[in-house]
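Participant: If you want the building blocks of each chain, they are given just below.
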Amino acid sequence: MAVLLTRETRLMVQGITGHQGQFHTKAMLDYGTKVVAGTSPGKAGSEVHGVPVFDSCEEAVDGTRANASVIFVPAPFAKDAAIEAIEAGVKLLVIITERIPFHDALDVMPYARAKGVTVIGPNCPGVCSAGIAKAGIMPNQLFTPGPYGVISRSGTLTYEIVNEMTNAGLGQTTCVGIGGDPIIGTSMVEALEMFEGDPQTKGVVLVGEIGGTAEEEAAAHAKTMDTPVWSYVAGRTAPPGKRMGHAGAIISSGMGTAESKVKAFADAGVSVARYPREIPELIRKTHQ
Amino acid sequence: MKFYEYKAHEIFRKYGIPVPRGVLAAKPEDLAEPPLPCVVKAQVLIGGRGKAGGIKTAKTAEEARAAAQAILGMSIGPYTVRQVYAQELLDIAQELYLSVTIDRSARAPLLMASALGGMDIESVPPEKIVRIHIAPLIGLQPYVLRNLAKRLALPQEVATQVSDIAKKMYALFRGEDAELVEINPLAVLRDGRVVAGDAKLIVDDSAEYRHPEYADLPQDRTPLEEEAHDKGITFIQLDGDIGVIANGAGLTMATLDVLNLKGGRGGAFLDLGGTDDPEKVKQAFEILLKARPSVIFLNIFGGITKADTVALGVEQALRAFGSNVPVVARIKGVNEERARAILANAGMRSVETVEHGAELAVQLRGEH
Chain A
1 MAVLLTRETR LMVQGITGHQ GQFHTKAMLD YGTKVVAGTS PGKAGSEVHG VPVFDSCEEA
61 VDGTRANASV IFVPAPFAKD AAIEAIEAGV KLLVIITERI PFHDALDVMP YARAKGVTVI
121 GPNCPGVCSA GIAKAGIMPN QLFTPGPYGV ISRSGTLTYE IVNEMTNAGL GQTTCVGIGG
181 DPIIGTSMVE ALEMFEGDPQ TKGVVLVGEI GGTAEEEAAA HAKTMDTPVW SYVAGRTAPP
241 GKRMGHAGAI ISSGMGTAES KVKAFADAGV SVARYPREIP ELIRKTHQ
Chain B
1 MKFYEYKAHE IFRKYGIPVP RGVLAAKPED LAEPPLPCVV KAQVLIGGRG KAGGIKTAKT
61 AEEARAAAQA ILGMSIGPYT VRQVYAQELL DIAQELYLSV TIDRSARAPL LMASALGGMD
121 IESVPPEKIV RIHIAPLIGL QPYVLRNLAK RLALPQEVAT QVSDIAKKMY ALFRGEDAEL
181 VEINPLAVLR DGRVVAGDAK LIVDDSAEYR HPEYADLPQD RTPLEEEAHD KGITFIQLDG
241 DIGVIANGAG LTMATLDVLN LKGGRGGAFL DLGGTDDPEK VKQAFEILLK ARPSVIFLNI
301 FGGITKADTV ALGVEQALRA FGSNVPVVAR IKGVNEERAR AILANAGMRS VETVEHGAEL
361 AVQLRGEH
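Chains as they are written, first to last, in my numbering: chain A, 1 to 288; chain B, 1 to 368.
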């Protein structure tokens with residue numbers, strides 16, 4: 001078992017004929033993912049690495065029973081692509097595209113929710129259920145099946161940490177890159193809930209960073225969980241970022257800084273690694 | 001994207017939000033006929049202007065020009081004041097607060113208002129701030145404005161104006177791809193009018209392509225940061241002395257954290273993103289070298305990035321710029337071994353882990 005991606009996942013790739021789309025379709029196929037369709041308006045009838053290309057999501061879903069989609073289209077077209085996939089009936093949407101205007105994300109997320117669609121991202125490395133399937137751009141060789149879930153706001157930092165886990169013999173159920181944007185489809189807390197419902201996952205690693213209040217909310221949730229949680233927070237020495245007027249300060253009321261996040265985790269009994277390589281050591285301390 | 005006050009006023013006006021009359025001036029003579037009495041304000045992208053002496057009141061045009069003379073050329077934080085804005089002095093009876101921003105947790109726009117606006121808004125007790133989420137797909141419905149007016153407990157004639165301003169602020173928020181639209185204070189004048197006493201506007205950088213009219217507005221970047229921005233490189237100058245090049249925001253921050261743990265301090269950091277194009281790597285080094293770091297720490301974790309291509313870019317850059325700044329490199333990715341050989345031949349230190357790299361960078365800094 002794993003979360004989000006299972007053996008039943010039939011993946012569609014939106015923007016499959018682009019440079020990124022082609023490259024990562026190959027990698028996802030190599031990983032054993034059932035990539036059943038791709039879309040690229042005007043390119044119907046062609047193939048990318050043996051995957052049939054359709055003009056629209058509707059045709060792709062009708063023709064292949066795709067039930068999940070990964071989006072590689074450029075930012076100005078990503079909202080259109082997301083709504084099209086939701087309308088076509090997929091139940092999982094992974095948006096890799098970065099720099100999507102967040103007003104577009106503000107439109108997509110409530111619509112997806114109303115239609116019962118789970119969105120991961122945008123601006124994320126995707127999802128990998130170790131040994132089963134991958135939707136996104138995470139490097140295949142990093143993962144090894146095992147009992148730990150990973151949730152991360154970052155891309156390369158996730159690779160760094162998963163790599164350390166794999167080297168230490170601590171395999172993964174699923175690694176979820178929830179994305180680094182202010183408006184994302186699945187929050188850290190919601191991703192934690194998914195792992196709580198997965199009997200295979202024996203513990204969860206949270207990779208957070210400064211800004212927003214996702215880590216503080218995740219810490220509060222972790223307190224209620226039986227499954228152990230370990231964390232790392234990037235940006236402890238980063239310069240204070242732009243301040244969003246008074247409104248940002250009023251909303252976060254002191255939260256959002258590295259100190260606030262580390263303290264929230266500590267108060268919830270979640271151990272916080274000082275550097276990425278410490279994550280495997282922390283897991284070992286809990287799970288001898 | 002941030003906006004000077006006068007520019008934000010211009011945009012507010014476009015949406016019909018009442019703002020004070022004002023005149024922009026780059027030299028004192030530009031204030032031939034300022035609105036009187038007026039406040040002459042330094043146009044800079046940071047707060048704290050008042051404390052720095054960048055805001056002065058004037059009763060006559062002569063006083064206004066003298067104030068402009070005093071403020072222009074003044075340093076406020078890292079900025080030199082190039083323009084002042086002479087704005088009609090408001091006769092304020094009450095200061096309110098009004099803003100529209102995003103609430104990440106709720107994934108929705110948030111309208112906030114308070115009858116206790118002004119300087120100390122952050123210390124106003126939470127129960128005195130009205131917060132109303134707005135469903136983005138539905139938009140601002142009239143009931144939101146009715147609830148807002150009722151909860152602020154304002155006299156009818158003031159409430160009507162505040163509701164109208166709130167409605168226009170939301171239109172601006174959506175129409176201009178804003179992250180924040182804030183008026184503090186929203187001034188209730190003695191003559192009964194409600195006017196934006198201040199205007200704060202931040203627009204989403206990712207939406208720049210939809211607003212080409214804002215592309216050339218000055219931002220709060222150092223000249224070197226501006227140069228990097230023009231080349232599409234994420235580069236931030238800090239106050240330490242170790243230059244950091246990494247890929248991805250999270251990994252870049254983690255690299256700075258590890259450096260700090262080992263007793264070093266980042267002097268500038270550059271996020272290379274997902275590239276292994278040697279030309280891009282070369283450009284990155286060119287920018288970073290201009291920040292005069294005592295040592296450069298390169299930390300690349302590339303799942304699909306070709307490590308040897310990155311290494312070639314580094315070698316070419318150092319040769320092209322004749323730099324003798326020591327470089328510590330930690331590159332993970334495809335063809336790692338070949339990358340290490342290239343780096344070693346070029347006299348660079350290649351390490352396996354971030355921690356080791358950070359230690360070595362701190363040590364080399366001490367030797368130079």
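Any given hint could be a false lead.
Unchecked claim - SDA-like cross-link-like pairs, simulated, lysine to any residue; straight-line CA separation at most 20 angstroms: (1) B/Lys231 to A/Glu98; (2) B/Lys262 to A/Glu98; (3) B/Lys306 to A/Lys223; (4) B/Lys280 to A/Arg277; (5) B/Lys231 to A/Lys223; (6) B/Lys306 to A/Gln141; (7) A/Lys223 to B/Lys280; (8) A/Lys263 to B/Leu261; (9) B/Lys282 to B/Glu227.
By construction, these hints were calculated from the structure, which means they are not laboratory data. Being a predicted model, the structure only gives us computed values, none of them experimental.
Participant: Look at each hint and say if it fits the structure.
Facilitator: Checked hints:
For the hint linking B/Lys231 to A/Glu98, the alpha-carbon distance of about 18 angstroms falls within 20 angstroms, and the restraint holds. Under the criterion of a C-alpha separation no larger than 20 angstroms, the hint pairing B/Lys262 with A/Glu98 is inconsistent with the structure, at around 33 angstroms. Taken as a hint, the B/Lys306 and A/Lys223 pair is broken in the structure, with Cα atoms around 42 angstroms apart against an allowance of 20 angstroms. Between B/Lys280 and A/Arg277 the CA atoms are separated by roughly 29 angstroms; this puts the pair beyond 20 angstroms, and the hint is violated.
As the CA atoms of B/Lys231 and A/Lys223 are separated by approximately 45 angstroms, the hinted pair breaks the 20 angstroms bound. Proposed proximity of B/Lys306 and A/Gln141 is supported: the alpha carbons are some 14 angstroms apart, at most 20 angstroms. With a C-alpha separation of about 45 angstroms, the suggested pairing of A/Lys223 with B/Lys280 is violated against the 20 angstroms cut-off. With a CA separation close to 18 angstroms, the supplied pair A/Lys263 and B/Leu261 stays within the 20 angstroms bound.
At roughly 14 angstroms between alpha-carbon atoms, B/Lys282 and B/Glu227 fall within 20 angstroms of each other, so this suggested pair holds.
Consistency note: the structure conflicts with the earlier hints numbered 2, 3, 4, 5 and 7.
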